[in-house]
Amino acid sequence: VIVCVPTPVDEHLAPDLGPLRAACASVVRHAVAGQTIVLTSTTYAGCTRDLLVQPLRERGLHVGRDVFVAFSPERINPGVVDHVPESTPRVVGGITPTCTARATAVLASTAAEVHSVSSPEAAELTKLLENTFRAVNIALANEFAVAAGALSVDIVEVIKAAATKPYGFMPFYPGAGVGGHCIPCDPHYLLWQLRGRRQASPLVEAAMTAIATRPRAVVDRAREVLADAGRPLRGSRVLVVGVAYKPGVADLRESPALEILDELARRGATIGYTDPMIDTVRTSAGVLTSERNPRPGDWDLVIVHTVHPGHDHDWLLDCPVVLDTTYRLEHIAHRQVP
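Using my numbering, you'd call the opening residue of the sequence shown number 229 and step up by one each time.
Keep in mind the hints are simulated off the structure, nothing from the lab.
Bear in mind the structure is a predicted one, so any value in this text is a computation, not a measurement.
Fair warning: there could be bad hints in the mix.
[To be verified] With a cut-off of at most 20 angstroms between alpha-carbon atoms, the simulated EDC-like pairs for lysine to aspartate or glutamate come out as follows:
(1) Lys388 to Glu371
(2) Lys388 to Glu519
(3) Lys474 to Glu519
[What the hints assert, rightly or not] Pair by pair, the computed Cβ-Cβ distance ranges are:
(4) Arg425 to Leu545: 49 to 57 angstroms
(5) Thr392 to Glu286: 26 to 34 angstroms
(6) Arg556 to Pro236: 25 to 33 angstroms
(7) Arg520 to Arg556: 35 to 43 angstroms
(8) Val229 to Leu379: 53 to 61 angstroms
(9) Ala261 to Phe397: 49 to 57 angstroms
(10) Arg510 to Ala457: 28 to 36 angstroms
C-beta atoms are modelled at their ideal positions from N, C-alpha and C, and glycine is treated no differently.
Input sequences plus hints: build the corresponding full structure.
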């Protein structure tokens with residue numbers, strides 16, 4: 229039995245475990261001797277024991293003898309064909325060595341390699357480390373972009389130069405924020421658990437705070453570039469290019485574009501968007517429909533949020549002002565977000 233359900237955060241950035249609790253309760257209710265149960269949803273360290281092991285014990289099923297329980301975090305990179313699950317190693321940690329062995333046998337046919345760890349907690353924390361690592365480095369890239377802008381240095385040139393070092397460096401690029409079901413949420417599972425133990429994590433806290441402010445910084449920059457062109461933000465027509473949270477997916481979850489659109493509308497701009505993979509978007513200004521063939525002359529400012537592969541963006545060359553949050557359209561964009 230593989231348990232894989234969403235584990236988002238609520239409006240207070242605390243874990244929303246409702247779907248996971250319901251799924252695990254159903255698994256426990258129907259569990260029979262001989263089953264192997266593998267939890268794969270990203271969660272806090274100790275969740276596998278809390279939601280599966282203890283309830284199974286209360287049903288009279290001894291884990292490691294009657295049923296076999298392990299945690300193995302999903303590893304998926306939507307929209308990137310080079311990183312399919314079948315070619316990505318899996319981490320697995322069982323309640324007992326036998327549980328680990330049983331779970332490894334289940335997962336072996338779906339992964340290139342299975343790496344075992346000593347416990348479910350080690351596997352649970354592994355996933356939190358992976359995505360917290362990304363969040364912290366994205367926050368650092370954003371901060372370096374601001375520093376480079378203040379020093380009149382091209383941050384993309386700097387990152388590419390640093391990436392020539394064959395060890396000790398991994399390139400991360402700045403952007404409008406983070407989206408999807410992982411990076412904006414998973415570090416908060418760690419922070420929530422640490423707060424319950426009165427354990428500080430100032431670096432992660434600072435990174436997540438910085439990431440949360442990034443969409444508003446994009447709108448601040450939009451106001452600046454419009455002012456440079458002699459226009460106020462209020463009353464200007466602003467088009468956002470790409471609202472999916474990343475290239476190649478039709479997924480709006482936690483997309484910074486949504487907050488950017490809402491903030492633009494709050495400040496009095498007339499907003500629109502174009503995205504070949506997202507037909508409609510609900511904003512504070514109402515439901516918007518994607519502009520299928522946007523005309524450059526209809527917009528005072530274009531903000532590039534997501535660049536989907538295989539789509540032509542040369543029409544941006546005819547736009548009066550282009551603000552590139554992706555740092556990938558140097559040949560087109562008139563401005564970038566520092």
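Hints, verified against the model:
1. Note on Lys388 and Glu371: the hinted pairing holds, with a Cα-Cα distance of about 16 angstroms set against a maximum of 20 angstroms.
2. Taking the CA atoms of Lys388 and Glu519, the gap is about 34 angstroms. The hint is violated against a cut of 20 angstroms.
3. Proximity of Lys474 to Glu519 is assessed by CA-CA distance (about 19 angstroms); at most 20 angstroms being required, the pair is judged to hold.
4. With their beta carbons about 54 angstroms apart, Arg425 and Leu545 fall inside the hinted range of 49 to 57 angstroms.
5. At about 57 angstroms, the beta-carbon gap between Thr392 and Glu286 misses the expected band of 26 to 34 angstroms.
6. For the hinted restraint 25 to 33 angstroms between Arg556 and Pro236, the CB-CB distance of approximately 28 angstroms keeps it satisfied.
7. Between Arg520 and Arg556 the beta carbons are some 22 angstroms apart, a value that contradicts the proposed interval 35 to 43 angstroms.
8. Checked against the hint of 53 to 61 angstroms, the C-beta distance between Val229 and Leu379 comes to roughly 55 angstroms, which is consistent with it.
9. In this structure the supplied range 49 to 57 angstroms holds for Ala261 paired with Phe397, their Cβ-Cβ distance being about 51 angstroms.
10. At about 30 angstroms, the beta-carbon gap between Arg510 and Ala457 stays in the expected band of 28 to 36 angstroms.
In summary, the structure is inconsistent with hints 2, 5 and 7 from the numbered list given earlier, while agreeing with the others.
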